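First to last, the protein sequences are chains A and B. Under our numbering, the first residue of the first sequence is numbered 1, with each subsequent residue one higher. Under our numbering, the first residue of the second sequence is numbered 1001, with each subsequent residue one higher.
FYI, nobody ran anything at the bench for these hints, they're computed from the structure. None of the values given here were measured: they were computed from a predicted structure. We put the CB at the ideal spot given by N, CA and C, even for glycine. Wrong hints could be hidden among the right ones.
[Claimed, not checked] Now the stretches of chain A that chain B is said to cover, found in silico as 3 or more residues with beta-carbon under 8 Å:
id	region
1	12-18
2	65-71
3	98-112
4	177-184
5	196-209
6	446-452
Protein chains: 2
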Amino acid sequence: MRWWGWGDPAHPPVLPAHALAFLGEHVGVAGKPRAPVALAHVRVAPSALRAAVRVQLAALLGERGVRVEHAERVAHAAGKGYPDLVRMRAGAPEGAPDAVVYPTAHEQLRALLELCERESLAVVPFGGGTSVVGGVAPLRGEHAGVLALDTAGMAQVLGIDGESATVSVQAGVRAPALERHLAARGLTLGHFPQSFEYVSLGGCAATRSAGQASSGYGAIAKMVVGARMAAPGGELALPALPASAAGPDLRALVVGSEGTLGVISELALRVRPAPRERIYEGAFFEDLQAGMQALRAMARAHALPEVARLSDEQETRMQLALAGAGAKGRLTRAYLGVRGYAQGCLTILGFEGEREEVAWRRRRALALVRAHGGLGVGRSPGEAWLRGRFEAPYMRDELLAHGVMVETLETAAQWSSLARLHRTVGEAIAAALRAQGTPGLVMCHVSHVYETGASLYFTLIARQREGDEIGQWLAVKRAAGDAIAAGGGTITHHHGVGRDHPRWLPGELGDGGVAALGALKARLDPAGIMNPGKLLPALSAG
Amino acid sequence: MRWWGWGDPAHPPVLPAHALAFLGEHVGVAGKPRAPVALAHVRVAPSALRAAVRVQLAALLGERGVRVEHAERVAHAAGKGYPDLVRMRAGAPEGAPDAVVYPTAHEQLRALLELCERESLAVVPFGGGTSVVGGVAPLRGEHAGVLALDTAGMAQVLGIDGESATVSVQAGVRAPALERHLAARGLTLGHFPQSFEYVSLGGCAATRSAGQASSGYGAIAKMVVGARMAAPGGELALPALPASAAGPDLRALVVGSEGTLGVISELALRVRPAPRERIYEGAFFEDLQAGMQALRAMARAHALPEVARLSDEQETRMQLALAGAGAKGRLTRAYLGVRGYAQGCLTILGFEGEREEVAWRRRRALALVRAHGGLGVGRSPGEAWLRGRFEAPYMRDELLAHGVMVETLETAAQWSSLARLHRTVGEAIAAALRAQGTPGLVMCHVSHVYETGASLYFTLIARQREGDEIGQWLAVKRAAGDAIAAGGGTITHHHGVGRDHPRWLPGELGDGGVAALGALKARLDPAGIMNPGKLLPALSAG
């Protein structure tokens, strides 16, 4: 992965020229793209790891399990949030881990955490490193040093229980590797977050991730049937069970713990038959409200597709603009204009599963589309979405090079709050951008649909305020978060809390909820070495 | 509710004469039914509640909110487990609350818990009082006294959010009252435990209950989208949200907390459209294995009915025997014999929902029944089951009067463990009964089906060992629990832990899990007044 951005360094550019022109017109862009600084010029403080401690770590993990090279430290200096990338491109990360450690087994983990506790080393669990909320920031809190604990060495698929449809994995296994392993056996996990190419399953569980196909396969919390987590104060080992009433479900404490309670070492996950049929297609609604009502009706009728996405008017306009200035794009826009959907909202419906079941569910879903005034526009928008589903982070890098800020943030709420929340959050973001002197584009889609509500995913695009990129971002982030909290939304549907969202956590969990988490933290991580400054910074040494 | 047993005192007898004859033949019964002692003769120690404390309680709750009458104390002296009923019928409960208190609002609750903490009064939350695992036993632990906190005064439906399909309730609302309220608005919760007639929703949430229709509607944990819990050390107030990634899901700490962390005061619950179509029907499989495979296939194909029950050979035999010695019963048995299902397993499939959707799902489910060698036998077994679905506890009372022990216990496991678990637990129960000199009938059904596994629900029937009924029960319970733990099952799928199952909890949650719960307990209930002796007795003052 590129240390200064997203993805394979060999990945070709994805931003079409006409898109840049479109953005130039709407938000302004810098003339010439600026490259990130060279790796060697990234400024990180010398490692504070004492030689004696390094020897202990190497004795435990082997020489190759303890890395202090510049490239390793830089690669683990930040996640992939907007401020991370701004800082990394400039060669000025906020910090870097004093070392990167690579344990290979649960037992080693326990010993490693004991050592870290003894030596006052903060531990930042690091899977794919894709957090967009500062979840892997190398904060040491009040400790003598900080290690990135990379789980790449714990990436084995431990076994498949075909009869029970579960797979056991080490937490470091990456999503693509697991899907390949499962596909060879006719199975799928069905977890496809936008970060799919890099995420570890442990990271997905730790951040309570939801994939793009969550409306069908469920979010990661529905997939985790068993878990093992090593903590300085003990271990949680929860067997794979389909259900239980043996007290509170402690799996729910592992999921979403964000490395602040311990390191997830193993997971048992529910899998499903690999889909024999996949139909991805598009439809237009006259407005967002009609589209939301259709999705709600599908949820209520148990007719949801696996992927259900609904873009608002602004995002739809942007997508049509990006889709091409060419003949096909013009044709599409003309067709929609004629049919009265020129200002409409595009929805992508992706059905996966067994052929007959998909056919039937799709028929019902499309009937609900029509019942809400929707217009089917065939498979090409669906297939285009599928092709580009993991491209957004690549595009973000290219826009950053052109001095364009791209940030995404998300929430979820009950259906009865959703339309108002969409409006108030969008307005708050737009107002904050204007107040910064950088009016921008604000767009949104619904992308995870439930019986009782849905998620909202906002994208904002604006010209960077050169020299104050972080201040600009923070102002927008604050305004959005405040509007979300005021509007009854969760502060995060699937990005997690990390370092960016804790200020809103007491509002959502209440003081009692924060205290309960604090009590767990105190028991499992009494010295506060686990991922300080994240999730519950007031309760850790961070 | 009858203080010595189950249900409305006016409920007519349900045990047919031929069933008694069948049991007389197979396990032996006492000649003449014995009535429970008279209420006035039930022995309870005088209330230890000091007058000064009673005055404080009355000042808070009103005079009618603090009850110390004999009948009230006896009615709150036990739940409805087998040992509870044995003791109550004999007029010798293990104890009784010193008073029964009836708060009416969340704010009152907080003040009440503070008072109890100050005065060293243990608090036993009491909803429907239907626990079969000692969950409402009036244990005082090391405290000066114990109160039953009856939630009957907190039984309002607070509001319905029709757009979001959620209902907000005070936790004391009873399931039938809520279903009536919802039915008038075309909605249903869909939660129908066997204790339906009496349970409170707070009790269902506290015990992580699963209803008979859980294969379709999900267990209570899937219905709780928001919750409020008052605890001596604070309050948990979790808003209604469809999903979130804001740290661990604390709703999962409220669900299953069994009154040991606090008192659930309010819930927000997902509701569904009331079903327009209900089809309940029966089918026979040649053996349990074939039936399990069919249910597993339905789960995998998303074709499960709302109610999916599969009786093993012994339970099927018993059901056919109970169904009648008359012409119809003989005819049924003859028909099954001719078709080769004489030793088979009966399954009940209950489909509920929108007409077209039910028709389609049912067609797929029945195709899977046939694919696994099953034989549809029409609606009469399904409708008979529906009629009698809440009758078992009434029958248990009548059998108790005849000196017959009836106990049920349950577990769940992954599909790959299920057949073996069925065998080993059944054998352990049978062996324990034989060792007591009271060989009995042991039968089982699968009643909650998941993609990765299912529940097993055992019923055992044997002659009581007169004078040592509790010892006899305990021996069987221990043997079953040990076999469940050894076989990879959860110690409880839906009855909860209560006072009967804690010995197996560390085996399931691990020491780390128990410690995590202990940390929560210490924070939310530092004085250990909440339901001592349950769930985590070693961690409370019980």
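Q. Any hints this thing doesn't respect? Which numbers, in order?
A. 1, 2, 3 and 4
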